[in-house]
Amino acid sequence: MQYVISILLSGISLGGQLALIAIGYTMVYGILRLINFAHGDLFMASGLMMIYISTWAPLYLAIPLVLVLAVVLGFTIERAAYKPLRQAPRMSVMISAIGVSYLLQNTATYITGGQPMTYPSIPFLYDTVNVAGNNVKWAVLLTPVLVIVLVFALTQLINHTKIGMAMRAVAKDFETSQLMGIKINNVISMTFIIGSFLAAVGSVLYFTNYQTVVPTSGAMPGLKSFVAAVFGGIGSIPGAVIGAFLIGICESIVKGLPAAWGLSVFSDAVTFAILIIILVVKPTGLFGERATDKV
Amino acid sequence: MKKLFCLVLALSMCLSLVACGGGSSSGNGGGGAASSGAASSGAASSGGSSASTPSGSQGGSTSTPSGGSGDTIKIGVFEPLTGDSASGGNKEFLGMQYARSITPTVEVGGVTYNVELVTADNGSTTDKAPSAAADLVGKGVSLVLGSYGSGVSMAGGPIFNDAGLSAIGVSCTNPNVTAGNDYYYRICFLDDFQAHALANYVQGELGAKTAYCLGELGNEYDQGLIAFFTQYFEAAGGKVVSASFPTNNSDFTTYLNQAKSEGADVIFIPNSISYITQILTQADSLGIEIPFLGSDTADDNMVLSAVAGTNVKLYLTTFYEEGGDPDFDEGFKAFLNSDPTLMSSNGGNDIIAAVSAMGYDAYNVAIEAIKAAGSTDPAAIKAAIGGVSVDGVSGSISFEPVNGDAVRDFAFIKTADTAAGQWSLVGKTTVE
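The listed protein sequences correspond, in order, to chains S and Z.
Its first residue numbered 1, the first sequence is counted upward by one per residue in this note's numbering.
Its first residue numbered 1, the second sequence is counted upward by one per residue in this note's numbering.
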């Protein structure tokens with residue numbers, strides 16, 4: 001029983017961290033119809049920023065600073081790599097996103113020398129607590145709570161504010177909303193700002209749990225979050241969150257199956273097998289419907 | 001105005017791409033250099049020259065031939081200077097750099113040659129290793145030292161074999177590095193021996209009955225050691241449970257909980273340094289009290305700093321113990337303290353890693369081989385290398401004739417003294 005609970009806890013915390021990244025994917029897709037491949041690397045970059053900033057700043061300063069810098073980075077990426085391609089075919093923008101992803105990874109390799117870096121231990125989040133005989137970090141327990149709070153805030157923003165209304169309008173029809181006087185560039189920037197902010201929050205929780213940051217740290221979580229976003233129906237925020245939790249728990253269960261079965265090696269394969277099955281059975285994902293408005 | 005801003009941003013991105021291509025993807029100069037060629041030829045050429053060493057200053061201090069007079073002999077350094085094993089690769093390279101600072105020249109046929117260390121970064125991955133090896137072949141080195149990590153050595157081995165270039169493995173312990181490759185030699189013990197020593201130790205001293213082995217999927221080093229360990233541990237009546245994690249995995253808590261629920265007495269983690277540190281820190285937060293067993297890769301001060309101040313128990317086998325050769329220790333520490341860049345390659349402190357001692361010995365073996373050959377020609381060096389024997393800091397080194405492996409009959413067993421944040425020697429072990 002204790003073992004089963006430990007597996008579920010691992011799964012829920014992994015799912016929560018993936019959810020925070022997956023929201024960024026799904027929001028950008030909802031508005032721009034762009035899969036922002038650089039999103040996972042932005043997550044890694046926020047991890048690295050935290051490591052470097054925490055060497056000279058106290059943590060209560062470092063955390064807000066990292067959130068701000070991640071937002072600035074996300075905003076800059078959008079302005080420099082995606083905005084000039086607004087009228088270009090969608091494929092060009094996607095290639096540009098892949099380019100930014102490699103640029104971030106290689107810059108990180110250049111700065112760190114490719115060496116694994118150790119993430120600072122954040123007090124409280126890093127402290128452990130005993131749940132049914134398992135020692136877990138507070139970050140693990142806090143992640144799902146934080147995800148729910150942030151998603152609730154986000155839905156309030158989208159449904160009850162002016163910028164949220166603009167976002168829904170742009171998601172529904174890009175050109176018409178432009179004709180109606182919506183400044184789409186501001187709306188798109190806002191999307192990137194929210195996405196980057198959530199990725200940075202996710203990185204704090206994720207790297208507090210798994211303390212090593214390497215330049216490819218963002219690749220796997222990024223890919224899995226993308227799968228989660230597709231799983232839940234890309235463009236739908238609740239879908240992305242539920243998809244992420246399901247994938248996190250699934251992966252933990254596969255890893256935790258008795259070692260004698262030899263199935264634990266397939267933990268990543270299962271994630272991607274889920275993606276294939278979902279795409280075959282329900283191409284729009286769990287919550288994605290062609291007619292509903294995205295975001 | 002807006003257009004100009006965009007242009008400047010795009011240009012700066014292009015330029016940083018050039019810098020990164022040169023720094024990270026050495027060896028396969030194709031990727032970075034090709035795209036940079038279009039941007040500006042000046043930047044491209046600077047990217048190319050720094051390709052062999054990721055941190056420019058490091059390369060400068062080693063590869064500068066001292067003085068204009070005399071000829072130069074090139075020794076290739078085939079090491080992971082970036083990636084998962086970068087920490088180990090850099091430390092091994094530091095040992096070579098120190099050895100070169102002591103013996104910067106070699107006399108061949110009455111002519112004094114300056115030794116130049118030419119680096120190629122195999123990036124810790126088996127897909128970059130062949131191109132890094134080919135890079136060294138192309139640069140006309142006389143012989144090669146390296147690599148740290150068996151997987152990359154096996155990937156680069158056939159290239160050296162085909163080129164008729166001998167390579168001296170420094171700390172690649174998998175038997176398949178030298179087996180079937182006439183040109184690959186090595187100065188360290190083998191995994192077969194290492195696993196046997198570990199199995200004996202945990203069963204004898206720790207009284208372990210059940211072992212949990214955790215390896216990276218598809219990593220020859222991890223899986224090879226686990227196979228040997230399983231063989232010896234089970235032969236002595238123990239039970240082994242094995243699991244593998246995929247590359248880039250970061251959640252090890254499930255595996256650790258599994259080890260606990262399987263009732264393991266010891267957890268064997270023969271992984272790359274970055275995985276070991278993650279496993280150990282997660283074990284600490286889970287409050288796992290099962291002792292961990294590491295292989296030669298775990299002997300690294302990054303691992304030590306990960307467990308400092310925790311309750312994690314870690315035992316490992318290694319090649320060299322600090323204090324084994326006081327002259328070397330003193331000289332090497334002074335060498336590290338002389339330059340902050342060297343210090344940071346060593347992980348920011350002057351704790352001596354066993355691989356640095358091995359790198360030092362490997363360089364001296366190479367010098368002896370060149371002397372014995374009396375030539376800078378790779379073929380002549382290959383003919384002479386098998387007969388070389390050196391009394392190194394990590395013990396005496398000579399090669400057995402079949403595979404070119406070192407004749408080694410002992411390993412050190414160390415444990416991490418987590419309270420004091422240093423290694424402490426448990427003993428020197430031999431296998432009958």
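Hints were generated in silico from the structure; no laboratory data involved.
None of these values were measured; they are calculated from a predicted model.
Cβ atoms here follow ideal geometry from the backbone N, Cα and C, with glycine treated the same way.
Fair warning: there could be bad hints in the mix.
[What the hints assert, rightly or not] Part of the chain Z face toward chain S, derived, beta carbon under 10 Å:
id: 1; residue: Ser274
id: 2; residue: Ile288
id: 3; residue: Met302
id: 4; residue: Ser305
[Claimed, not checked] Heads up, incomplete: computed chain Z residues facing chain S, CB under 7 Å, no partners named:
id: 5; residue: Ser101
id: 6; residue: Ala243
id: 7; residue: Thr254
id: 8; residue: Gln258
id: 9; residue: Ser285
Hint check:
no., hint, verdict
1, Ser274, "4 Å, holds"
2, Ile288, "9 Å, holds"
3, Met302, "7 Å, holds"
4, Ser305, "8 Å, holds"
5, Ser101, "21 Å, violated"
6, Ala243, "5 Å, holds"
7, Thr254, "4 Å, holds"
8, Gln258, "6 Å, holds"
9, Ser285, "5 Å, holds"
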